[in-house]
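Undergrad: Using the hints provided, position chain B relative to the given structure of chain A.
There are 2 protein chains.
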Amino acid sequence: MHDDVPDSHPRAESLRMRHEVIEGWEKKVVTTAGLFAHGRGEAFNYLLGEQTIPAAREAMKAAVAMLLLARAPVLSVNGNVAALVPHDLVALAGELDARIEVNLFYREEGREEAIETVLREAGATEILGLGDVEPATLNDLESNRRIVDPRGIAKADVVMVPLEDGDRTEALRKAGKKIITIDLNPLSRTAQWAHVTICDEITRCLPQMIDTAREFKQSMNEEQLKELLSEYDNAKVLSKVISFMRDYLGRLAEQGVFLDLPMEGDD
Amino acid sequence: MHDDVPDSHPRAESLRMRHEVIEGWEKKVVTTAGLFAHGRGEAFNYLLGEQTIPAAREAMKAAVAMLLLARAPVLSVNGNVAALVPHDLVALAGELDARIEVNLFYREEGREEAIETVLREAGATEILGLGDVEPATLNDLESNRRIVDPRGIAKADVVMVPLEDGDRTEALRKAGKKIITIDLNPLSRTAQWAHVTICDEITRCLPQMIDTAREFKQSMNEEQLKELLSEYDNAKVLSKVISFMRDYLGRLAEQGVFLDLPMEGDD
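Residue numbers (the working numbering), protein chains in the order written: chain A, 1 to 267; chain B, 1 to 267.
Calculated from the structure, these hints are not laboratory results. Please note: incorrect hints may appear among the correct ones.
[To be verified] Derived lysine-lysine pairs resembling BS3-like cross-links, with alpha carbons at most 25 Å apart:
(1) 240/B x 240/A
(2) 240/A x 226/A
(3) 27/B x 27/A
On a predicted model such as this, the values are computed, not experimentally measured, just so you know.
Just chain A, with the same shape it has in the complex:
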C-alpha cells in the first residue's frame, strides 16, 4: 500500500499516519473498529485545519495541571494509542509519575500481548490492566470495558483516556473519576463527558503535553496549578473548538467550490 501513495498526493502526511495504524492492525494492536475510528478522526482533524488550535492548548494546560495535582493518576492506553504514540505516552507517564493501564474493548487472543510488547519496546516498565490480576469492575457497562485494574484505574482519582469509547468515559465519570481525554471530535460522547477535553490529533498533542509537564514542574507550585485548573471551563473550550470548525466551514461555504478547478471548456 505504501508504494501506491505518491509523495505528490495532497493527503500524503495523513496517509502516512494511516499506515502506522495499519501496521498496528497487522500486529493485532489495533482492531478493525480502530480503523473506522481513525478515519472519523481524520475528518475532524481536517475541520481543525490539521493544527493545534488555541482551545486545544488551553485544554492541554488544564490536563497537565490536573495530572500533576492528582493523588493517583493513570494514563489509559488502547490499541490506537499504542499504535500511534507509544514512546510519547511512556515519556508523559514518566514526567507525570502516572501509571499506564491498558484497557481494551475487544480482547481478542494475542491482542493484550501485542500491546504489551509495543509499550515495553517504548520503554514502559510497569503496565497495568493486563490479564494477570483479578480485575475490578465499573458499574453501568455492558461490555468488557467495565474491567479495570485494582491497582490502576479502580483507585485512580484522575484518568486520561485518549481516543476513548463513549460508554467507557461515561462509566468512569459516573464512578467519580476526573476524566481527561484527547479526541478530535468535540461532539463525541467522550469529548462531552470528560472534565478536560483536548481536541487535537494525538501525535501533535502528546509532545506538547510532555513539554508543558516539564515547564509546569519547574515554574509552578501547587497553588498556581490549582488556580489554573479552577479557571478552566471545559464547556467554553468545547464551544471554542466547535466554533473554530463552524467558522472553517463558514469560509468554505461562501464559495461552495474552492479548489482551483479548470474552467468549463478547458477540461
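TA: Showing chain B alone in chain A's frame:
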C-alpha cells in the same frame, strides 16, 4: 463484534452499517483503506444529522437527469459501494440503462472476483472493468486507477463515481467526462471536482435515485430534463451543504457541552 454492541448503544444503527463494510472486508470486497474512508464518511454524516438534506435531493435530481440524457452512462463501482449497496446499484443501472464498471485502486488477488460475485448475486448481468479485456488508460494518474474499460468509462460521456478517490475524479474530469459523485464530505477533492455532487449517505441515496429515475422517465421529456440540468449549480449546492454543517455546529457551539450530563456533585 456484533455481540459486543448492545441495542442500547446510541450509535447502534451506524455500527450496524459498519458491520456490512466489515463483512465486505472479510470477503475481500472492501480494502483496509475502505474502512478508514467509511469512518471519515461517518463523521460528515453526523454533521448532516444523518439525514438527506434538501441540497442532496437537488443534486440527486440533477444527477438522474444527467444520466437519463447521457449517450453512454456508466456507474462506477468500488469495494465500499459493492459492500453497501449492490442491489440498489444494479437496480439503478437498470432504470437508467447504464453500464456497470468495477474500478479499483487496490487490485489485490481475488478482489475483482469477490466484487464480481457480489454484483452477480445482486443481479448484474454485465460487469465491465474486470481483468478480461485489454484496458484503456486515463492520463495524469500515477496509480492503477488510470485503467478503464474501453467499452465503459473510456467511451462514456457521463460517469457516476460514488465514494471515489480524488485523483480518479480529477483524471476523469480532465478526460472530458461529466462526473456525478455521492460523497458525504463536501470538502473532498472528489466532491469539488464533480459536476454533480450528492452529499448523502449512499444507502439513503440510491433508493431515492431509483424512485427519481422512475418518476422522471414517466413525467419528463428530454427538453424538461435539459432545463432542470441547465438550472443546476453544483457550487451553490455544495455551498448549501457546507452551510448546513456550519449551522449544525453553530447551534452546538453555543453550549459547548450539550449532552445531558449529571451535575458536578451528582456524579
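Undergrad: If any of the earlier hints don't hold here, list their numbers in rising order.
TA: Structure breaks no hint.
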